[in-house]
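Trainee: Please construct the entire structure, taking both the sequences and the accompanying hints into account.
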Amino acid sequence: MAEIHLDGVAHSYLPNPTDERDWALKPMDHVWRDGDAYALLGPSGCGKTTLLNVISGLISPSHGRVRFNGHDVTTTRTEHRNIAQVFQFPVIYDTMTVYDNLAFPLRNRGIDEATVKVRVHEVAEMLDLVVHLGKRAIGLPADAKQKISLGRGLVRSDVAAILFDEPLTVIDPHLKWQLRRKLKEIHERYRLTLIYVTHDQNEALTFADRVVVMYEGAVLQVGTPQELFETPSHRFVGYFIGSPGMNFLPCRLTASGAEVAGQAIPLGGTVLAQAAGASVLEIGVRPESIRLADGGAGLTVQVRDVEDLGARKIVTCRLGDHELKVKVSAGQAVPAERATIQFNPHLTWLYADGRLVR
Amino acid sequence: MDKWQNNRAWFMVLPVFVVVAISAIIPLMTVVNYSVQDIFGPGQSVFVGTEWFKEVLTDRRLHEALWRQFLFSGLVLLIEIPLGVMIGLAMPKKGWTASLTLVLLALPLLIPWNVIGTIWIIFTRPDIGLFGATINTLGIRFDHTASPLDAWVTVMLMEVWHWTPLVALLAYAGLRAIPEAYFQAARIDGASAWAVFRYIQLPKMRGVLTIAVLLRFMDSFLIYAEPFVLTGGGPGNSTTFLSIHLVKIAVGQFDLGPAAAFSIIYFLIVLLFSWLFYQALLRVGTGEKR
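Those sequence lines, one after another, are chains A and B. Heads up: the first sequence begins at 932 in my numbering, then just goes up one per residue. Heads up: the second sequence begins at 1039 in my numbering, then just goes up one per residue.
The set of hints was computed from the structure by calculation and includes no laboratory data. Quick reminder that beta carbons are idealized off the backbone N, C-alpha and C, glycines included. Incorrect hints may have been included.
[Stated by the list, open to error] In silico negatives: residues of chain A with every beta carbon more than 10 Å from chain B:
#	residue
1	ASP960
2	THR1005
3	HIS1063
4	ASN1133
5	THR1137
6	ALA1195
[What the hints assert, rightly or not] Derived, one-sided and incomplete: chain B residues facing chain A with beta-carbon distance under 8 Å:
#	residue
7	PRO1217
8	GLN1222
9	ALA1223
10	ARG1225
Mentor: As structure tokens, then:
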């Protein structure tokens, strides 16, 4: 178990990066607190796996230091870092039995067979692999294989952290939640530091205590699922998390607030002062934070489309030249053409050049 | 109801039948035909049943050639497979050195087989050959036209030089196909280089190595052109392998009957051993036992 510090870590796969796009990871400082479950969320190609491999030591970063509990491990080889990593596709040793697969990391480290036996049985019990122990690993289904991969990480009692690189990609949907629950259970029992890479927001939000959102090689925001949902610090986070994502409406600043399509939205004085001078100004509001009504006070919109999702309806409306989505409950009647909307003032934010201004 | 459609399907497989018939069955049946007859000349033949088979099976020279052949093919597999795997492991994985290695390795495979024999005759000549003259100058007497051992060493060297690249290329292809995650997982599990080879690389190469073993067994068991050019089967009969012996009977002595009977036995031996190797390699490491 360890607290993992990244000090100014940056990485490029090119020998001489010149352009900003040459960097797979842009310089970052980050602390992974001991015993927390993190999800590393972002679209494909944003640097999640690179970051994971920097922590496990499979990649040595072009810049910066990696520290485990204060010790500099930047140059320490993977096998000496005490990291466990589970990959997207199950990695098992085909010719070995499940028992030998689980025992492999311990035997490689010269641990005596009596201890190996105890540890392997403990882990097999935890992962429901006891019935498979004597079988060859190659014949088992994908979820059992992925459990073996995980088991090889858990079998070492002293792992600093367990890293998951989209481990549920090849698992059937109905087994996914079972495995995810198993992971949570293991986390609660051992309080290991877990870092879980995914591009699936549901997976990230249900699994993690804290979610790290990455985009184009940079960490945009770190927070609890609720923080990411309610106060996305960056346009991308608002758009990426939530389904559908946050609405962004170009706006103009006035003396007392913002103006969208000729309609005023009041904002605080400090917000206005900070936003001054930005070239792109937008109002961000979640579809869940908009109240839709048939007439009354608020902004007038044209209703364009209603998608019925069963429990909810998603209403697409036009406000001036801009489109926005509103989520309403299934029972609510939606006017056919004209409706009024009201933004929840506590969850409506101003974004200057893509960044949240508070 | 489906019958008409089923019959039409035969037309679809007809081209395959024709090709197989022309390429394999008809020539093979000609051989079968010869093997049961004594042919004196055009239109003059007598049915002799299994006589040629009996003669061939009790032929001492053939027995000797057969054991020689097994020794040769056995040595070929024992040397070329491990050596090829080692070369495959050592080959660079990317960059211009990888391309260069591939080209260099492929070179012996591109040379016509009789030319290979000629190259090695000159290369190993005790008077002017680079290898032969050098080694004789060093004080080691070496002459493949006089000593059976030297002849065997030369034929083995030639065979290894000629065909190990094929095994190496197959092994290399097998190794390159292993996903990177396996090696990363092995590093995380603290596996040694030997453990990586034993538990990841070797099992993952099983498919290509099966092909390599089969190809090298069949080819080496049927070897003709290179040793024929190099040693002509000598000195004495020391490098007379099965096909050289066969050609001596069929073309040299024009004994078509025994030669045909022998061809069939030869074919069955190759078939039997290829099947045995295939079955064995299919099972190894999968835990299935028979």
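Trainee: Can the hint on PRO1217 of chain B be confirmed by a CB-to-CB distance to chain A that is less than 8 Å?
Mentor: 7 Å, holds
Trainee: Do the numbers back the hint for ALA1223 of chain B, that is, is its least Cβ distance to chain A under 8 Å?
Mentor: 4 Å, holds
Trainee: Beyond 10 Å from chain B, beta-carbon-wise, is ASP960 of chain A?
Mentor: Correct as stated: the minimum Cβ-Cβ distance to chain B is 25 Å, above 10 Å.
Trainee: Please check whether the beta-carbon of THR1005 of chain A is more than 10 Å away from every beta-carbon in chain B.
Mentor: 16 Å, holds
Trainee: Going by Cβ atoms, does THR1137 of chain A stay more than 10 Å from chain B at every point?
Mentor: Consistent with the label, THR1137 of chain A stays out of reach of chain B, its closest Cβ about 25 Å off (over 10 Å).
Trainee: Is the Cβ of HIS1063 of chain A farther than 10 Å from every Cβ of chain B?
Mentor: 13 Å, holds
Trainee: Test the statement that ALA1195 of chain A is away from the interface with chain B: the closest C-beta pair must be farther apart than 10 Å.
Mentor: 55 Å, holds
Trainee: Have a go at the ARG1225 of chain B hint: is there a Cβ in chain A nearer than 8 Å to its own Cβ?
Mentor: Holds - the Cβ of ARG1225 of chain B comes within 8 Å of chain A, reaching about 4 Å at its closest.
Trainee: Report holds if the minimum CB distance from ASN1133 of chain A to chain B is greater than 10 Å, and violated otherwise.
Mentor: Non-interface label on ASN1133 of chain A holds, nearest chain B Cβ at 25 Å vs cutoff 10 Å.
Trainee: Under the criterion of a CB-CB separation shorter than 8 Å, is GLN1222 of chain B in contact with chain A as hinted?
Mentor: 5 Å, holds
Hint check: no violations occur; every hint is consistent with the structure.
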